[in-house]
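For chain A, the structure is supplied; the task is to place chain B on it using the hints.
Residues per chain are reported as follows:
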Amino acid sequence: MPFSRAINAGLRAAMAASDRVLLMGEDIGKLGGVFRVTEGLVAEFGDRRVLDTPLAESGIVGTAIGLAMAGFRPVVEIQFDGFVFPAFDQITAQLAKITNRHEGAVQMPVVIRIPYGGHIGAVEHHQESPEAYFTHTAGLRVVSPSTPNDGYWMIQDAIASADPVIFLEPKSKYWQKGEVDTSARALPLHASRVVRRGTDVTLVGHGAMVTTLLQAASIAESEGTSCEVVDLRSLSPVDYGPILDSVRRTGRMVYAQEAPGFTSLGSEVAATVMEKAFYALEAPVLRVSGFDTPFPAAKLEGAYLPDADRVLEAVDRALAY
Amino acid sequence: MTTDATAPSAQTSSEPPTLVRFLQADGSFAPSPAAEPYLELVEGLADADLEQFYRDMAVIRAFDVQATNLQRQGQLALWPPSYGQEAAQVGSARAARAQDHLFPSYREHVVTRIRGVDPIDIIRLMRGLTHGGWNPFDPKNGNTHIYTLVLGAQTLHATGFGMGLTLDGRCGTGDPERDEAVIVYYGDGASSQGDVHEAMVFANSYRTPEVFFLQNNQWAISVPVSTQSRSPLYKRGEGYGMPSIPIDGNDVLASWAVTRTALDEARAGQGPRAIEAMTYRLGAHTTSDDPTKYRTSDEEESWRRRDPIARMRAYLLARGASEAFFADVEAESQALADDTRTRTNALGGLEADSMFAHVYSEAHPLIDEQRRWLADYEVSFAGGAS
Numbered sequence: 001m002p003f004s005r006a007i008n009a010g011l012r013a014a015m016a017a018s019d020r021v022l023l024m025g026e027d028i029g030k031l032g033g034v035f036r037v038t039e040g041l042v043a044e045f046g047d048r049r050v051l052d053t054p055l056a057e058s059g060i061v062g063t064a065i066g067l068a069m070a071g072f073r074p075v076v077e078i079q080f081d082g083f084v085f086p087a088f089d090q091i092t093a094q095l096a097k098i099t100n101r102h103e104g105a106v107q108m109p110v111v112i113r114i115p116y117g118g119h120i121g122a123v124e125h126h127q128e129s130p131e132a133y134f135t136h137t138a139g140l141r142v143v144s145p146s147t148p149n150d151g152y153w154m155i156q157d158a159i160a161s162a163d164p165v166i167f168l169e170p171k172s173k174y175w176q177k178g179e180v181d182t183s184a185r186a187l188p189l190h191a192s193r194v195v196r197r198g199t200d201v202t203l204v205g206h207g208a209m210v211t212t213l214l215q216a217a218s219i220a221e222s223e224g225t226s227c228e229v230v231d232l233r234s235l236s237p238v239d240y241g242p243i244l245d246s247v248r249r250t251g252r253m254v255y256a257q258e259a260p261g262f263t264s265l266g267s268e269v270a271a272t273v274m275e276k277a278f279y280a281l282e283a284p285v286l287r288v289s290g291f292d293t294p295f296p297a298a299k300l301e302g303a304y305l306p307d308a309d310r311v312l313e314a315v316d317r318a319l320a321y
Numbered sequence: 001m002t003t004d005a006t007a008p009s010a011q012t013s014s015e016p017p018t019l020v021r022f023l024q025a026d027g028s029f030a031p032s033p034a035a036e037p038y039l040e041l042v043e044g045l046a047d048a049d050l051e052q053f054y055r056d057m058a059v060i061r062a063f064d065v066q067a068t069n070l071q072r073q074g075q076l077a078l079w080p081p082s083y084g085q086e087a088a089q090v091g092s093a094r095a096a097r098a099q100d101h102l103f104p105s106y107r108e109h110v111v112t113r114i115r116g117v118d119p120i121d122i123i124r125l126m127r128g129l130t131h132g133g134w135n136p137f138d139p140k141n142g143n144t145h146i147y148t149l150v151l152g153a154q155t156l157h158a159t160g161f162g163m164g165l166t167l168d169g170r171c172g173t174g175d176p177e178r179d180e181a182v183i184v185y186y187g188d189g190a191s192s193q194g195d196v197h198e199a200m201v202f203a204n205s206y207r208t209p210e211v212f213f214l215q216n217n218q219w220a221i222s223v224p225v226s227t228q229s230r231s232p233l234y235k236r237g238e239g240y241g242m243p244s245i246p247i248d249g250n251d252v253l254a255s256w257a258v259t260r261t262a263l264d265e266a267r268a269g270q271g272p273r274a275i276e277a278m279t280y281r282l283g284a285h286t287t288s289d290d291p292t293k294y295r296t297s298d299e300e301e302s303w304r305r306r307d308p309i310a311r312m313r314a315y316l317l318a319r320g321a322s323e324a325f326f327a328d329v330e331a332e333s334q335a336l337a338d339d340t341r342t343r344t345n346a347l348g349g350l351e352a353d354s355m356f357a358h359v360y361s362e363a364h365p366l367i368d369e370q371r372r373w374l375a376d377y378e379v380s381f382a383g384g385a386s
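Residue numbers (my numbering), protein chains in the order written: chain A, 1 to 321; chain B, 1 to 386.
If you are wondering where the hints come from, they were derived from the structure by calculation, not from laboratory data.
In this text the structure is predicted, and so the values were computed from the model without any measurement.
Hints are supplied without guarantee of correctness; some may be wrong.
What the hints assert, rightly or not - Here are some of the chain A residues that sit facing chain B, going by a computed Cβ distance under 7 Å:
id	residue
1	GLN94
2	ALA105
3	ALA162
Said to hold, decoys possible - Computed footprint of chain B on chain A; a stretch qualifies when at least three of its residues, placed anywhere within it, have a C-beta under 8 Å from a C-beta of chain B:
id	stretch
4	64 to 71
5	95 to 104
6	138 to 144
Ideal Cβ positions, reconstructed from N, Cα and C, are used throughout, including at glycine.
Just chain A, with the same shape it has in the complex (with noise of 0.2 Å):
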């Protein structure tokens, strides 16, 4: 099943089970959104269900915010990446704190879908990472699922969760097919995985990269390294377990993100695995990125997003130490 009729698949076993589930968000309806991950819903569930909205994103998310206290679970539609700044002082500045400011009285079962990163060659503001501004804000949760079995699976554990759930779609990934296992989910929504057994260097990403460092794993292989490949899955919180484990095997890591590097996730990943895991280092945790400029126009993306090679050239340098 492609990646995106995963996630449609998860949304509809989500409405099925609970009417307080209501997706809302841009063009969602009848188009089944730009990237047709709603496709079908409305004609299935209504339009008191799937609420194509007016194009206001800060509308989309405030008015989210008021349903989730009238009791409803919504879940956001965010059209496209670069288009989630106007709703930022909602999700940051109100969804994040409602229940804190609450003191707990009041929960925010809000989901929050973003198509995020590069990988297709569209126009600015329609491939970015913007997923540390929401990884830096307490309150909310971060995920981003690589596959189609977690799309379908993670989806479902998003909008079943008390508290906010961004929830960043690879969207380069949205034709992807895959294995999805409808009768048991593998993982709860905030574990890492080991995608990929290796005893050298451990490669750590989320999201597109994470076929990035297979490829790079397989190409590895072939030439005598062998790599360990974690999938992060949640980005806040940060399931360490097995990416601590992989690094005192092998003791080497490279994290590999298409957002900047400058104070991203992967920089938050490199300090804690060098706090908890100093002693079984071989060598520096390197971090390959984006650079730190804006999302380059497409024709660039190329140069701009971490490929096999850049994360095998980190790879070099992890085991020249």
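Below, chain B alone, put in the same frame as chain A:
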């Protein structure tokens, strides 16, 4: 009551012809043409209702003055005075039914009190003991939501809540005893915020049972309303497709009657309404600013002559209210002020550990780890003298 001949003319010089007013500045009952549709409603008010309006206004002013003093004496981090805006607030809050939900901004002290919130909960917020202060869903707080300090953000929350009422069929059933509505408070400064405009778009698109209650107190800290808008603010509501009515915000009867009607209509499923209450904050925006730097004493004086409490007092006296009634209100005012001071001074501190509570509703490993670290760190000082 001394009547200043210049005051009524100052009051009528630039106001819209549709302004709803029952009481003139001198307390005389003289409904404006726009007030006619509401006349029967107001005439149905009992003496006890009218006296309650006055009591609400006078008592909260005493509280407000006391809280301002407490801030000056270092007991509070900040105080946003409601001095001068009592009529707009009391009329609108008394117009709401018990089942309605109220979303204040951060100056609606008497609104919260009328709904049952303990005024000390506002003091706790302004003293730095909480970011909220009360649970909106605790029945004793009358469905009154907590203050929101980011201007206009609550208008979207109220609108979303109203959308929820509509989706759940909790309005427009034809049963006014059961139907629910939402009222949201904001100011002339907040009216420039995008969130207010987006809230109005959503409210009209989804026909929320909602009243947008704008208190135009003429100043956004030091910036006059003319910088917020070149057209009367109530006209913006019309532009979004909802009936919008300007009222004399210093006339508690106008505030009550128009809000009552707007809430009834909203509750009945007729969609959102907007009210602009023309009022004036006689105090500072908060205790952090100095109004003498940005406005004239002439202006303040002209509004002082339109004081909502003095106006209502004159009206009640003319209707024959007793001296005993006013003495009783004065005693209650003093008692609340005294009680506020006593209880403020008795408020304790906070355990550091409490900062980790309620960041998330579900367990969070980072929070748990930091909570343990701080506890261990503090314990490490316990036997430190050895």
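Results for each hint:
Satisfaction of the interface hint for A:GLN94 is found here, the shortest Cβ-Cβ separation to chain B being roughly 5 Å, below the 7 Å cut-off. Checking A:ALA105 against chain B by beta carbon gives a least distance of about 4 Å; that is within 7 Å, so the hint holds. Below 7 Å, beta-carbon pairs count as interface contacts, and A:ALA162 has one with chain B at about 4 Å; its hint therefore holds. Under a criterion of three residues with beta carbons nearer than 8 Å to beta carbons of chain B, the stated coverage of the stretch 64 to 71 of chain A is upheld, 8 such residues being counted.
Note: the stretch 95 to 104 of chain A has 7 residues with beta-carbon separation from chain B under 8 Å; the three-residue rule is met and the coverage holds. Judged by the Cβ-Cβ criterion of 8 Å, the stretch 138 to 144 of chain A is covered by chain B as claimed, because 3 of its residues qualify and three suffice.
Every hint from the earlier list agrees with this structure, and none is contradicted.
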